[in-house]
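Okay, here's what each chain looks like letter by letter:
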Amino acid sequence: MIEKKKAEGVLPDVRYFDYKDVETLKRFLNPHGRIQSRNHTSLPARQQRLLARAVKNARFMGFLPFVIR
Amino acid sequence: MAEKTTHEDKEKALTLYELGYHLVPSLGEDDLALRVTDLQKAITALGGSILSEGQPQTFTLEYTMRKMRGGRWDSYDSSFFGWIRFEAPSEAMSALKDVLEHNEYLVRYLIIKPDPIILAPEPVRAPRKETTEVEVEPKALVHKQDEEEKGEVSEEELDKQIEQLIH
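Which chain is which? The protein sequence lines are A and B, in order.
Per the working numbering, numbering of the first sequence is gapless, rising by one per residue and ending at 69.
Per the working numbering, numbering of the second sequence is gapless, rising by one per residue and ending at 236.
Excised from the complex, chain A in its bound form:
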């Protein structure tokens, strides 16, 4: 039987991704401002989609840069 690995401490305690909550969103970006993959975020698929949507909205509204060089 394959046991699912739980990444305790890595999983963030987030109920809802708000595009205005920049500090939370920044935790899921790499140094270049790109959204980290599910391997890194350890988020469920639905949460990952919500995160991606929130980051893209935040970029559009000027809360986050599109690219960090």
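Hints in this document: simulated from the structure, not taken from any laboratory.
Note that CB positions come from ideal geometry on N, CA and C, so glycine has one too.
Each hint should be verified, as a subset may be incorrect.
[To be verified] Okay, derived cross-link-like pairs now, DMTMM-like style, lysine to aspartate or glutamate, Cα gap no bigger than 20 Å in a straight line: (1) B:Lys182 / B:Glu170; (2) B:Lys136 / B:Glu122; (3) B:Lys110 / B:Glu98; (4) B:Lys110 / B:Glu160; (5) A:Lys56 / B:Glu131; (6) A:Lys20 / B:Asp99; (7) B:Lys182 / A:Asp21; (8) A:Lys20 / B:Asp184; (9) A:Lys20 / B:Glu191; (10) A:Lys26 / B:Glu131; (11) A:Lys56 / B:Asp184.
[Stated by the list, open to error] Reference listing, derived: stretches of chain A covered by chain B, where coverage requires no fewer than 3 residues with Cβ under 8 Å from a Cβ of chain B: (12) 38-46; (13) 60-66.
Fit chain B to the given chain A structure using the hints.
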């Protein structure tokens, strides 16, 4: 008859929306309040009801935004950002977007359908259980003891072994 009423109910059904907006930074305090009330009026005029809002505050943008005003492009590095959470019929949204598009004081706006979970109070969480001590396997203990026993070698024996190795 019953079908008609359900159809009417659907038409009147209100959806939760959130409008985020950037107003031009050149506005004075009085002007700012006026522009915000304009936005509120636009929402209520279309059958919406305002639930909560965040007052506009100066905000430094992460990148320069451009907006066509009076036939020329204006660039903005900062703005007044505010948000309004409201309920409105979905049919009214296209009309609201038209109003916002023609508002010359808006640099940019975004309408989203937030998760209704944001209106619910934060759940009270039970305190975390204390972590139980990890049991060490007896085998590992035995190995350690053996190593410790082996480790107790007198200095004379050590010297002899070293000499043997050298010669």
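Okay, the hints, checked on the actual structure:
no. : hint                : result
1   : B:Lys182 / B:Glu170 : holds (19 Å)
2   : B:Lys136 / B:Glu122 : violated (25 Å)
3   : B:Lys110 / B:Glu98  : holds (19 Å)
4   : B:Lys110 / B:Glu160 : holds (17 Å)
5   : A:Lys56 / B:Glu131  : holds (13 Å)
6   : A:Lys20 / B:Asp99   : violated (25 Å)
7   : B:Lys182 / A:Asp21  : holds (16 Å)
8   : A:Lys20 / B:Asp184  : holds (14 Å)
9   : A:Lys20 / B:Glu191  : holds (18 Å)
10  : A:Lys26 / B:Glu131  : holds (13 Å)
11  : A:Lys56 / B:Asp184  : holds (16 Å)
12  : 38-46               : violated (count 0)
13  : 60-66               : holds (count 7)
When the structure is compared with the earlier hints, violations turn up for hints 2, 6 and 12 and for no others.
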